[in-house]
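Participant: Could you build all of it, start to finish, from the sequences and the hints given here?
2 protein chains.
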Amino acid sequence: MISRLIHIDTSLNDSLQSQIRQKLVEGIIVGSFPSGSKLPSSRKLAKQLEVSRNTVVLVYQTLIDEGYIESRERSGIYVTSQVHQGKVSITQASNHLLKPTDNNYRFKGALATTNATSCPANWQNFPYSFIDGKFDSSLYPVKEWREATNKANTTREIYQWAQLQGKEDDPMLLDEIRSKILPRRGIEASRDEILITAGSQQALFLITQLFVNNSVKVAVEEPGYPEMRELLLHQGAELVYQPIDVTGMEVNEQLDSCDIIYTTPSHQTPTSITMSMSRRDELLKKAHQQDILIIEDDFEFESNFLGQPHPALRSLDKDNRVVYVSCLSKVLASGVQIGFIVADANVIAELRKLRKLVMRNPPLNNQRAVAYFLSLGYYDAYMMHLHKVFFERWLTLREALNIYLPNCIDTGPIQGGTAYWVTGPEQLNGEYLREKAAEIGILIEPVKRYFTTPEHPENCFRLGVTGIPNDKIREGVSKLAELIHQLTNEFEEKLSNAKGKLLNNDALQQVLPDVQLECQMVYGVPCTINLLANGEMFGITGGKDHELDSGRWWIKDGMYYRQWNLWGYGEIKGFYVIMDGDEMKWFDQNHRFVRQLELKGYNKLVP
Amino acid sequence: MISRLIHIDTSLNDSLQSQIRQKLVEGIIVGSFPSGSKLPSSRKLAKQLEVSRNTVVLVYQTLIDEGYIESRERSGIYVTSQVHQGKVSITQASNHLLKPTDNNYRFKGALATTNATSCPANWQNFPYSFIDGKFDSSLYPVKEWREATNKANTTREIYQWAQLQGKEDDPMLLDEIRSKILPRRGIEASRDEILITAGSQQALFLITQLFVNNSVKVAVEEPGYPEMRELLLHQGAELVYQPIDVTGMEVNEQLDSCDIIYTTPSHQTPTSITMSMSRRDELLKKAHQQDILIIEDDFEFESNFLGQPHPALRSLDKDNRVVYVSCLSKVLASGVQIGFIVADANVIAELRKLRKLVMRNPPLNNQRAVAYFLSLGYYDAYMMHLHKVFFERWLTLREALNIYLPNCIDTGPIQGGTAYWVTGPEQLNGEYLREKAAEIGILIEPVKRYFTTPEHPENCFRLGVTGIPNDKIREGVSKLAELIHQLTNEFEEKLSNAKGKLLNNDALQQVLPDVQLECQMVYGVPCTINLLANGEMFGITGGKDHELDSGRWWIKDGMYYRQWNLWGYGEIKGFYVIMDGDEMKWFDQNHRFVRQLELKGYNKLVP
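So the protein lines, in turn, are chains L and Y.
To convert, take the position in the first sequence, counting from 1, and add 1; that gives our numbering.
To convert, take the position in the second sequence, counting from 1, and add 1; that gives our numbering.
Treat the hints loosely; a few may be bogus.
Given that identical chains are not distinguished, each listed pair holds provided it fits within a single copy or across any two copies.
[As the list claims (entries may be wrong)] Straight line, CA to CA, 25 Å or less: simulated BS3-like cross-link-like pairs of lysine-lysine:
1) 100 x 287
2) 319 x 286
3) 480 x 437
4) 109 x 218
5) 39 x 181
6) 181 x 144
7) 545 x 601
8) 168 x 100
9) 109 x 389
10) 449 x 354
11) 168 x 109
12) 500 x 319
13) 495 x 168
14) 354 x 100
15) 181 x 100
16) 319 x 109
17) 545 x 24
18) 24 x 181
19) 109 x 287
20) 449 x 168
21) 557 x 502
22) 437 x 473
23) 24 x 144
None of these hints come from the bench; they were simulated from the model.
Facilitator: Dropping the structure here:
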């Protein structure tokens with residue numbers, strides 16, 4: 002009978018001992034093997050389970066040591082009575098599954114939020130998941146994290162962190178953050194200027210608890226991080242919605258009446274726009290003039306791909322008015338939940354009291370494990386690795402967007418972050434696109450939740466690279482592009498109804514050689530293409546990471562053909578060409594509008 | 002030069018590789034070895050550090066793999082430039098240590114609490130630490146916890162828990178709690194009736210956020226758990242202070258006007274009194290009649306030493322009005338911070354939303370590790386072990402109190418818990434005692450913070466057994482007793498000023514043989530002693546765990562001597578005896594009052 006309760010799965014990594022142990026304990030605790038019942042001899046059980054007798058003997062010995070079972074001389078192995086000591090017997094309690102009751106009338110602090118998640122629970126089963134902040138498990142530093150964890154869990158270490166009180170943080174972790182993370186952001190801080198939090202959400206929660214009530218006016222970004230707005234509204238704050246331009250949150254007289262500014266300068270949530278240095282200076286100047294507190298949410302500072310990151314506001318702040326929030330790389334943080342706040346020591350002291358009230362300290366075993374992860378250099382190595390992986394994916398996504406959705410979308414000029422904020426064709430409904438895309442295995446992030454003001458654009462969506470392997474990105478974007486074309490088909494300009502004149506072979510021959518074309522990449526930088534008379538071509542893009550490529554072009558069957566060496570995956574592609582004044586328009590083999598270009602340095606008459 | 006930066010400590014458990022790695026990484030990150038600098042060859046470094054070359058080669062190889070250093074052919078090992086990529090250069094940021102500023106005028110939610118801790122940070126250095134809830138590190142299940150942690154941190158497991166969203170809990174942990182912890186309390190619950198929290202403090206915080214605002218009246222125990230009162234007051238609640246008697250929180254008409262009752266029935270905080278079954282029924286009946294919500298804080302349910310524990314209120318509740326809070330054994334929980342709430346599914350759903358807002362979910366790596374700790378049966382084995390250890394200490398403390406502080410203190414009739422609530426002589430100032438005790442290495446817990454009403458007794462203190470090894474308890478209590486005698490000396494009855502008549506040899510000979518004496522143990526149960534004419538004696542105590550002992554007695558030099566076989570550590574002790582009517586009083590060799598007894602079944606005239 003016992004062998005039917007113990008099923009051994011040899012395909013598992015778990016040792017046989019561990020499996021047998023787990024099943025026996027389960028049986029003893031739930032009462033399948035009640036107190037006083039006899040277990041089969043090790044010889045018999047080994048035979049039944051087809052394992053070596055030694056294996057069973059070792060399991061039995063551990064369970065005897067732990068008091069689950071006992072060996073009675075000349076009689077056998079029995080389940081002890083201690084096992085059920087200290088437990089309420091089931092008959093003693095009424096032991097019922099209660100019917101649900103209506104408690105709603107008691108709720109004084111219920112949240113209005115529907116708590117809609119931006120992503121289905123089974124996102125990993127979708128072949129193309131462009132949800133930002135979800136990570137494929139390949140990214141987790143398993144081996145290094147295990148090593149750090151084990152170092153934190155020795156008797157000697159436990160003796161150290163178990164001494165800490167409910168208010169304190171692990172001094173080792175504080176020192177590692179001071180020496181290995183903050184210098185990357187140009188920030189210096191002493192131990193009493195840092196508070197460890199259970200992730201950055203808790204950091205923001207504690208800050209709003211301390212600084213915000215219904216007398217306080219707070220400027221937030223629009224679009225912006227919804228969970229922070231929720232916290233602020235929960236505290237009764239009046240919100241001022243501050244627009245974003247290409248250099249970050251706008252600084253204007255709207256801010257003058259605010260007590261607090263909340264901003265995400267590294268990579269603005271959700272647009273990924275990096276606040277420029279001059280905007281940073283402007284913001285700090287305004288805050289100084291009007292005595293405004295700044296909450297800097299330094300989200301994803303590590304994923305700056307083009308050029309060096311800008312220093313944190315906290316590091317530029319001369320009068321100690323910036324409360325800085327950040328966390329470990331989200332990959333680690335999403336499970337381990339370690340974030341931190343850097344601020345003036347008296348602010349940290351108050352936050353520490355609040356943290357004690359609402360939770361005590363973030364788990365100390367994790368604090369120490371993260372400290373070791375940092376001190377062993379695994380964190381820095383890991384950051385380099387993530388940077389490489391995400392940069393590669395980020396470029397692949399950018400390239401794919403540019404090829405499959407030219408002249409149709411716009412991402413703005415971004416330098417990093419792990420997500421693209423995409424503005425599609427005017428007629429596109431982002432929410433509808435999201436639903437349809439999910440049906441064909443593509444997850445994109447809805448963006449409605451980032452807006453508060455009612456007149457927000459509906460043709461936006463968001464594509465992230467944290468959860469999708471590099472080799473899936475092109476395929477995913479190509480399918481998504483196809484879907485977007487289907488959805489906006491009726492509004493698209495087509496070859497048949499395009500304004501202007503279709504060029505035939507002769508006309509192409511007359512117009513194209515020695516022409517310079519200018520167009521715009523979807524990510525907001527210009528691209529110049531030179532078509533030489535000899536069939537060669539050269540291209541150069543603008544922006545911080547301007548690129549060069551060369552290729553060849555030719556005319557055939559009334560179409561312009563071209564093949565780049567690197568760009569466009571080096572594939573041959575042909576276009577119908579329509580001229581409309583100085584503007585040239587390309588249409589693909591399916592007569593679908595592709596791209597609009599301007600002729601520059603063009604000294605021939607249009608025929 | 003590099004060898005001066007790398008100091009190898011062979012006394013550490015850390016491998017040489019690990020130590021060299023840690024120091025090299027440190028040097029690279031902080032800039033002691035800047036980008037592009039050359040490191041010594043493995044041969045040279047090995048020689049300098051006096052380690053095998055292989056060790057250095059292995060460290061170098063890992064650092065090359067991770068991108069810290071690179072090997073340039075025919076040239077050597079260099080620090081890479083990637084290392085400092087993505088970092089703000091120190092000169093770029095203004096990089097200053099800011100002067101503290103006065104932010105107090107901005108604080109809207111600052112806590113009034115002084116946040117005084119009940120215990121000095123270095124409590125483990127005190128030879129006698131009677132602070133409850135502090136654990137000596139010997140109690141931590143190091144090996145088992147490491148195994149559980151490693152199981153939770155395999156790639157396959159991470160893949161599972163990394164899929165969970167910010168609202169969700171680990172289903173494995175939910176099931177383990179349902180099957181291995183709740184049945185001990187007679188509670189059944191489905192997954193959606195359980196919320197995992199970051200310790201029980203967070204559980205209480207979330208509950209007060211949901212149910213309490215300034216329109217709500219809450220009954221709390223007095224004395225009671227201060228952190229809960231603080232949470233309730235923070236939410237604006239009106240508090241009703243409910244007294245405690247020997248069967249727990251009193252149930253009276255004061256409760257009728259309350260919306261919520263907060264109670265700690267298993268072992269009342271701080272008195273350790275267990276609520277009786279009839280009181281539980283009374284409380285539930287009252288709650289039903291008046292439609293009151295009950296918050297049951299099931300603290301230390303596992304440490305019931307005398308008899309079976311009572312079922313939780315939640316398990317007796319017929320109309321789903323109990324919100325149940327508990328956590329893992331505090332030993333584990335203090336570092337790992339896992340608690341849980343069991344309540345109606347719609348309550349849990351609301352709490353889950355709040356938890357998401359304030360923190361997301363408790364660290365998922367810990368959730369899974371605890372799930373394994375439970376599923377492998379380590380938790381139950383560990384509970385059995387703790388029960389044994391604490392029970393032993395608890396009995397030792399009780400015995401010591403009874404011997405060293407008879408007739409001087411009172412702990413009330415308690416059945417378990419890990420702390421004794423001690424009421425000392427009327428004139429004792431508990432706070433002063435605490436200060437003086439700390440000076441001689443004894444830590445006791447001050448109790449002022451458990452009271453809110455101003456007319457609280459000052460002669461109370463609290464002794465816990467979680468942080469003191471069994472073999473230190475007797476010594477600690479003996480020293481503490483000496484101190485208490487010193488402090489209350491002037492108020493104590495002494496042989497010289499005692500009311501009544503001192504018995505000499507002859508009088509003792511007349512009074513003592515065949516007499517039955519009754520006295521009270523400090524823990525509130527009676528003790529009967531029979532002195533037989535033949536010099537034998539027998540003793541029996543009352544209470545749930547009544548005990549028997551025998552011994553011998555004699556008269557010598559005007560004193561009564563006695564020696565128990567087990568009680569009083571089997572030591573010989575002599576007393577002066579004074580008779581005052583029917584009452585007998587004993588004084589020790591130092592003429593200090595020891596104990597008052599009543600003569601029963603005594604049929605001789607007092608001489």
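Participant: Please go over all the hints and tell whether each is borne out by the structure.
Facilitator: Verification of the supplied hints:
no., hint, result
1, 100 x 287, "between (57 Å within a copy, 20 Å between copies)"
2, 319 x 286, "within (10 Å within a copy, 62 Å between copies)"
3, 480 x 437, "within (11 Å within a copy, 77 Å between copies)"
4, 109 x 218, "both (24 Å within a copy, 12 Å between copies)"
5, 39 x 181, "between (58 Å within a copy, 22 Å between copies)"
6, 181 x 144, "within (21 Å within a copy, 31 Å between copies)"
7, 545 x 601, "within (23 Å within a copy, 100 Å between copies)"
8, 168 x 100, "between (40 Å within a copy, 24 Å between copies)"
9, 109 x 389, "neither (48 Å within a copy, 43 Å between copies)"
10, 449 x 354, "between (36 Å within a copy, 19 Å between copies)"
11, 168 x 109, "between (28 Å within a copy, 20 Å between copies)"
12, 500 x 319, "neither (58 Å within a copy, 77 Å between copies)"
13, 495 x 168, "neither (66 Å within a copy, 47 Å between copies)"
14, 354 x 100, "between (39 Å within a copy, 22 Å between copies)"
15, 181 x 100, "between (53 Å within a copy, 22 Å between copies)"
16, 319 x 109, "between (42 Å within a copy, 24 Å between copies)"
17, 545 x 24, "neither (60 Å within a copy, 37 Å between copies)"
18, 24 x 181, "between (45 Å within a copy, 13 Å between copies)"
19, 109 x 287, "between (38 Å within a copy, 23 Å between copies)"
20, 449 x 168, "between (39 Å within a copy, 20 Å between copies)"
21, 557 x 502, "within (18 Å within a copy, 132 Å between copies)"
22, 437 x 473, "within (19 Å within a copy, 71 Å between copies)"
23, 24 x 144, "between (28 Å within a copy, 20 Å between copies)"
Hint violations for this structure: numbers 9, 12, 13, 17, all remaining hints satisfied.
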